[in-house]
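Novice: So the chains spell out like this:
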Amino acid sequence: MSSYLSFIDIAALAPLLILLFGALVILLMESFSEDFTKVWAVSLTLVTISLATFAAYEAPVSTNELLTPWLRFDPLSRFFTLFFLVIGFAVTLLSYSFFKTFEASHGEYFFLLLSALFGLILIGASADFLTLFLGLETLSISLYILCGYMKQWEVSHEAAIKYFLIGALAASFLIYGIALIYGAVGSTSFDGLLKGYQALSTSSNQALFYSGIALVTLGLAFKAAIVPFHQWAPDVYDGAPTPVTAFMAVGTKVGAFAAFVRIFFDALPHFDPIWNQSVTLLVYPTLIYANLVALRQTQLRRFFAYSGISHAGFLLIPLIAATPDALMAINFYLIVYAAATLGCFAVLAFLDHNKEGVMISDLSGLYQQSPFLSAVLTLCILTLAGIPPTAGFFAKFFLFKTAFQAKEYALVIAALLITVVGAFYYLRIIAIMFSQLPAKEKPPLLSWPAATVGLLSCAAIVYLSINPTPFITMIDVARR
Amino acid sequence: MTELLWLFLIPFILSLVAFALPSSNRTVVLLSLIPLALLIFNHNNWHNAIVDVVWIPALGIHFHLAVDSLSLVFLYLTAIIIPISLTAVGDISNSQSFYGLVFLLQGLLIGFFTARDLALFTVFWESMLLPLYFIINMWGKPDRQYASLKFLIYMIAGSALMVAAVLFLYVASSGTFNIDTLKQSASQSPLAIWTFAIFMLAFTVKTPLFPFHGWLPDAYYQAPVAGTILLSAILSKAGIYGIARIGLGLFPDLMIQWSPLFLTLAIIGVFYGAFAAWSQNDYKRLIAYSSFSHVNFILIGLFVWSQTAQAGAILQALNHGITIAALFLAAGWLEERLGFTSMNNIGGLAKFMPHLCWVTLLFVLSSVALPGTNSFVGELMILFGLFGQNPWLAALLGLTVVFSVVYMLRFMQKTYFEAPTFFQERWVDLNGKEMAIALVLIALIIGIGVYPTPVLNEIMTTTLAKD
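Residue numbers (the working numbering), protein chains in the order written: chain A, 1 to 480; chain B, 481 to 947.
What the hints contain is simulated information worked out from the structure, not anything from laboratory work.
Under 7 Å between C-beta atoms, here's a sample of chain A residues computed to sit facing chain B:
#1 P388
#2 P389
#3 F400
#4 F404
#5 V412
#6 I413
#7 L416
#8 L417
#9 V420
#10 A423
#11 F424
#12 A431
#13 F434
#14 S435
#15 P468
#16 T469
Covered stretches of chain B, as calculated for chain A (at least 3 residues, CB under 8 Å):
#17 626-637
#18 641-655
Even glycine gets a Cβ: it sits at the ideal position worked out from N, Cα and C.
Using the sequences provided together with the hints, build the complete structure.
Specialist: Listed below in structure tokens is the structure:
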């Protein structure tokens with residue numbers, strides 16, 4: 001056993017190290033000169049993320065036994081790392097356009113954003129419950145602060161406190177669950193967890209293990225905002241600054257499902273059908289509740305909270321089906337969801353004039369004002385609604401196919417029927433956009449960073465709609 | 481085969497061009513004739529034209545297009561109707577987007593009428609709604625928002641479960657979406673009856689069969705003229721094509737078994753549409769209901785298990801497409817001159833616009849199936865087929881032909897004949913361009929009416945029932 005890290009090991013860790021270094025530099029800069037960071041923090045963040053992306057793309061596989069018990073260097077973790085970095089890049093651009101309208105200091109913000117990214121990458125690459133927990137907490141603590149970052153906004157105070165309290169509760173569930181699992185099998189490592197479970201002979205140990213898994217699932221369900229553990233999401237999404245909401249809607253969601261995938265596909269594949277059946281019980285309320293409540297929303301950040309809850313419900317379906325294709329289905333769905341949601345938030349960035357955020361009624365007549373913005377939003381909304389020929393349809397088709405192969409017919413039928421409700425509230429937004437009501441006084445802002453995000457999202461959606469095969473093949477590598 | 485791929489791709493290319501570059505109506509109409517020209521010039525080679533490449537291997541979806549006689553009839557219909565609908569586009573804002581959407585719709589329709597992979601079929605089936613939604617939503621009459629959303633929600637609700645049915649067939653057949661392969665296994669699967677019901681619901685909502693027509697009056701009425709033509713002439717035919725391709729193709733036994741129910745609904749629909757048309761005081765709504773009535777007539781032909789009736793139904797689908805497009809076009813011309821669609825205050829317009837009157841009258845005669853016009857052949861075949869199965873029903877249905885004469889002639893009577901009551905300073909009769917379009921339509925109407933044999937030969941090979 002080697003007791004030092006070689007160059008290859010460092011290179012394998014490079015994405016994490018670069019993020020950490022970049023974050024610390026920004027924090028240092030802020031403490032010396034606020035004016036300097038105001039100008040340079042965004043560029044530095046973008047450079048850091050780009051470098052980390054490059055490092056993640058080229059990262060070698062480390063086999064050093066100092067690292068492998070804690071971190072995975074498999075294709076799946078590389079996929080998640082790249083995915084998170086792309087999300088981080090987009091959110092940085094959105095934040096840049098946000099700070100053009102709203103006055104606030106930059107340094108801490110981007111430090112926290114990079115820390116949150118660091119946490120996300122840890123989750124995606126975790127090989128042990130402790131790394132997973134560490135990642136989740138790094139992510140969460142950064143987000144608690146980011147949520148209340150606009151100190152002048154009262155609505156943010158409530159959101160940040162609420163998020164912090166409920167997040168702490170979720171973390172305690174999670175850590176307690178991990179403790180119980182450790183108590184049952186004597187290890188927190190993902191390797192050998194399944195064997196450890198199968199070797200459990202006494203029923204008391206099994207009960208301990210099941211309780212542990214149940215608590216872990218619960219903790220993650222909080223993070224993924226799955227009904228009935230979702231109450232925090234609408235208020236927090238509503239109270240946070242718009243780019244932070246975008247980061248939560250996409251980053252946290254993907255992170256939570258990365259954790260689900262790590263635990264239930266990687267560590268404990270098919271460990272017990274009872275788990276799948278219990279999770280099924282979460283899918284129905286999630287889909288029905290989120291979609292029905294989304295019908296009555298008037299504020300778009302809140303609307304996307306419910307939309308996100310509903311998509312979490314859809315994402316649970318392949319998790320339950322657990323067929324060989326399920327992982328690919330989840331990953332593909334996550335990518336499509338991320339691209340479409342980021343595209344929507346890019347459009348919101350143009351319309352974000354005050355702390356109350358963008359109301360649905362603010363969109364009326366948008367087509368008259370800006371055909372470009374309305375085209376981007378239309379494409380992204382259609383994708384979220386899963387209407388063909390957008391990639392959203394294929395993503396859903398993929399989910400349903402895995403569910404069918406696992407003979408979960410009832411789930412598919414419920415999910416399909418609920419998509420009709422979904423189609424209604426998503427399309428209502430489009431209808432409002434194309435209506436010819438008098439235009440608002442305030443024209444959309446001009447913002448190239450948000451425009452870039454919007455265009456890139458649209459390009460990704462169009463490409464994935466027409467020719468998803470190369471991409472699916474690429475994420476399929478993640479399984480092998 | 482490359483021609484088929486081009487036929488599919490050309491509308492999409494045209495769509496991009498139309499979106500990107502401002503172009504005059506004349507240019508767009510000329511461009512829209514390209515697919516028709518391709519169809520005609522390559523006419524003899526279309527049979528068995530096939531494109532089959534694996535598209536999304538992870539999902540098992542093939543990009544599989546193929547042409548047979550059934551497809552060909554509907555392809556010709558699409559290629560004829562699209563240019564006609566484009567000529568009906570007047571002076572509108574954002575005409576670039578309008579043309580782009582129409583071409584997009586054409587591409588999706590061509591894909592739909594040739595798709596042989598069930599998943600691909602579903603993709604085209606659902607996506608053709610979007611261009612129409614935007615056409616109604618952006619260029620329709622004042623209540624267009626409501627009408628277009630209602631239309632879309634009806635359609636999405638109707639085919640909500642179609643994905644489940646498609647996946648069920650996929651799993652039951654051990655992993656293929658190929659419609660031709662599914663023929664063997666579709667009826668045998670244990671839940672065949674449910675899959676069949678799901679597909680039929682989707683198709684009958686779009687056609688629409690009675691009682692799924694709730695969306696129709698608003699959508700037809702609120703849409704711009706070109707949109708109404710597309711809805712009535714092509715979109716309803718997509719439903720009919722679906723029933724012929726999937727209903728008759730994959731589930732023939734269930735189709736026979738359930739035909740009494742479907743026949744009853746369709747017959748009610750014919751009568752309902754006729755009475756509703758009779759009581760309208762608005763000519764656009766009147767024609768909308770007449771279309772509903774006639775489409776249900778076509779469905780009767782499909783639901784009767786007889787070769788003559790089925791062939792008649794397919795022929796009538798083509799005929800109805802042409803005739804209803806002509807009627808809505810003529811109604812659009814009238815609306816353009818009057819500025820409204822109510823029949824309350826008008827009368828005797830023949831005095832001011834004789835050409836428009838005679839052209840409309842010819843279209844109306846085709847709609848009421850006068851011998852010598854296209855609809856006569858189709859409706860007669862349907863009635864003949866029905867007579868072989870159930871003479872009483874055929875007699876009952878014969879009555880509706882009388883009804884359609886009554887409401888259609890009422891329309892002619894109120895608007896064009898009677899004493900002139902409505903006065904306007906200057907009347908503009910049909911101009912040269914409109915006359916030319918009308919003549920083309922009249923030629924088609926009379927051509928098929930007098931000499932339907934070539935079309936019928938094509939269609940006869942497609943029917944499943946053998947007398």
